[in-house]
Amino acid sequence: MPRTRNRPPLDRHAVERRVLAVLRVVVIVAAVLASAGPLLYGIVLSLRSLPDVIAAPLALPAPGELDFGAYSEALRDESADGYGLARFMRNSLVVAVGTTVLAVACSTLGAYAAARLRFLGRDAVNGFFLAVYLFPGIVLAVPLFVLFSRMGLTRSLLGLVLIYLAQTVPVSLYMLRNYFRAVPASVEEAAEVDGCNRVQVITRVVLPMALPGITATALYVFMIAWNEFLFALLFLVDDRERWTVSLGIAQLTDFTVPAPVLMAGSIAITVPVVVGFLAAQRLLISGLTAGAEKG
Amino acid sequence: MAGAVRRPDNGEVGVSVMTSPDRRARARRTRRAQEELHGRLLVAPTLLVVGLVVLAPFVASFVLAFQDLRLIEIRSLGLGDLGVSLDNFADVLSSAGFWKAARTTLVYATASTVGSVLVGLVLALALRRPFRGRGLVRGLLLIPYVLPVVAATTIWTTLLNPQYGAVNEVGRRFLGWEAPINFLSTYDIDLWGLPVPVALSVVIAFEVWRSFPLAFLFITARLQVVPRDVEEAAVVDGASPLQGFRHVLLPQLTGVIALLALLRFIWSFQNFTDVYLLTDGAGGTQVVAVRVYEELVTRADIGAASALGVLMTLALAVPLALYVWASRKERA
Chain A
1 MPRTRNRPPL
11 DRHAVERRVL
21 AVLRVVVIVA
31 AVLASAGPLL
41 YGIVLSLRSL
51 PDVIAAPLAL
61 PAPGELDFGA
71 YSEALRDESA
81 DGYGLARFMR
91 NSLVVAVGTT
101 VLAVACSTLG
111 AYAAARLRFL
121 GRDAVNGFFL
131 AVYLFPGIVL
141 AVPLFVLFSR
151 MGLTRSLLGL
161 VLIYLAQTVP
171 VSLYMLRNYF
181 RAVPASVEEA
191 AEVDGCNRVQ
201 VITRVVLPMA
211 LPGITATALY
221 VFMIAWNEFL
231 FALLFLVDDR
241 ERWTVSLGIA
251 QLTDFTVPAP
261 VLMAGSIAIT
271 VPVVVGFLAA
281 QRLLISGLTA
291 GAEKG
Chain B
1 MAGAVRRPDN
11 GEVGVSVMTS
21 PDRRARARRT
31 RRAQEELHGR
41 LLVAPTLLVV
51 GLVVLAPFVA
61 SFVLAFQDLR
71 LIEIRSLGLG
81 DLGVSLDNFA
91 DVLSSAGFWK
101 AARTTLVYAT
111 ASTVGSVLVG
121 LVLALALRRP
131 FRGRGLVRGL
141 LLIPYVLPVV
151 AATTIWTTLL
161 NPQYGAVNEV
171 GRRFLGWEAP
181 INFLSTYDID
191 LWGLPVPVAL
201 SVVIAFEVWR
211 SFPLAFLFIT
221 ARLQVVPRDV
231 EEAAVVDGAS
241 PLQGFRHVLL
251 PQLTGVIALL
261 ALLRFIWSFQ
271 NFTDVYLLTD
281 GAGGTQVVAV
291 RVYEELVTRA
301 DIGAASALGV
311 LMTLALAVPL
321 ALYVWASRKE
331 RA
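Heads up: the sequence lines are chains A and B, in that order. Okay, so the first sequence: first residue is 1 according to full-length UniProt numbering, each after it adds one. Okay, so the second sequence: first residue is 1 according to full-length UniProt numbering, each after it adds one.
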């Protein structure tokens, strides 16, 4: 059948195409506003004073009226009439960096094995890690709370590091395995011929070549550990000295803290994550969605 | 797979030329044994951590669900104190508000799953063809996903604040609302005679807002490998844009959409943090996850909290089994 004859009347196509073209623009604009709007709103509010906000909730501050006082108030220690956010950030940094180092170390070794070595149960290991990924959070919270209290690990940042480690290792192993598979095996073999043992192959050949992937994985782990709330709440709520950023901001919303200070705090804890994400955006996305194209 | 195509012995050519086949075979055998050992050693740290912090507690939650146990008793708890009692399940299932919370959880998980996958799909399609600034738009769309959840809930809470929040201000100034709406604790309001849930809609909207970027990324990744020729052939054959989408593109996306729907459903179903931070369970948003927390922390009843967790796990096994069954059937 000649293909050109097969067309239904042109107007349906033209109408659909025109409507879709308009809808496309509307959808994109609306989505960008909805995604970025709240963050922008938070930034604007953090730069105004509370009386101004109450008097005119929708007004934008003139450049001369910008007030950065909320940031220093949020960050200052309680002893200096502040809210102690700098200390929360230090705690979170300790937890997040500790988790990241351990998770990257564990998952690098495991991912190398899963990508390169044949050993009994390799496929079982892969499936098992993905299954773990499906049961995070509240279901495990009760037994973990009981076990960690029994071991005296609640009320310590170490307990959080252990939990975040277990929660991030499966996914980072999966991500890293995909990166390692993209590194040609021939280079490693050449290194082996030159007399490197397994550990040397990993540290001298695989790591440098997979460095972008490892950076992305590290960032992913850092973000999870920096943002986590539930276990910080369960373990540390009574211990203000050890509050992490998420727990700290959440607890402050329960007190009568002025909105601009809360916004300043929220923006301050967002900055490290957003900067890191933008720096490694491409790598992170390709790592997280690896395998999706096969689905 | 990389492991399968690794050379057997070409690296040892220099040696093997001078040795007997027998010795070469032995060298290969020790290599295999070594690979086996190294493989196990290298995954051991990960297995250990995951086993201790995920698997052991998971098993423990089943054991705890059958105990009559209070938080205060765990310091002195020994293995000899363990018994088997179904009281927790009986109590939990008959307690006030359980079935309502179960229904709320189901509505919350279903609506936010459908919402986030749908929004992600529409945006992935809208951004499929390149245009100037597409990279920037893509980056901006990822903001809700990257934002720390506590920062996001704090900003939303402020936006919806009845006193100075932007939403109520817009409503009163431009939409003629008579009184501010307390979005995070109001059960429902009458809209043209229909009761519309308020707080529940807000927590669902929040979940959609936070999780659509992941759906968007996954579907975008899948779209990038869809072969162009079938679609072009459909156009030549006279398919309209919508027909082309419905009959050519959509069938190729079902796999990734099903996977996303499964993951989203499982995660939303047990989401505690977002609901707790936004409403604390008020205004008809008490999901089962919030009840688990309340049993554990407020009532210090470990047995009941574990029993709820076990019930959630069992409920989640259903969609998981459905997914596995459907994808097996698809492949066969």
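Since the hints were made in silico from the structure, they are not lab data. Treat the hints with care, as some may be off.
[Said to hold, decoys possible] Every beta carbon over 10 angstroms from chain B, so not counted as near; a handful from chain A, in silico:
id: 1; residue: 24
id: 2; residue: 65
id: 3; residue: 75
id: 4; residue: 158
id: 5; residue: 208
id: 6; residue: 256
id: 7; residue: 270
id: 8; residue: 285
[Unchecked claim] Derived Cβ-Cβ restraints for the label pairs, each shown as a range:
id: 9; chain 1: B; residue 1: 242; chain 2: A; residue 2: 158; range: 53 to 59 angstroms
id: 10; chain 1: B; residue 1: 332; chain 2: A; residue 2: 184; range: 31 to 37 angstroms
id: 11; chain 1: A; residue 1: 279; chain 2: B; residue 2: 25; range: 49 to 55 angstroms
For each residue, glycine too, the CB sits at the ideal point set by N, CA and C.
To see whether the hints hold, each was checked on the structure:
no., hint, verdict
1, 24, "violated, 5 angstroms"
2, 65, "holds, 17 angstroms"
3, 75, "holds, 15 angstroms"
4, 158, "holds, 12 angstroms"
5, 208, "holds, 18 angstroms"
6, 256, "holds, 12 angstroms"
7, 270, "violated, 5 angstroms"
8, 285, "violated, 6 angstroms"
9, B:242 with A:158: 53 to 59 angstroms, "holds, 56 angstroms"
10, B:332 with A:184: 31 to 37 angstroms, "holds, 35 angstroms"
11, A:279 with B:25: 49 to 55 angstroms, "holds, 51 angstroms"
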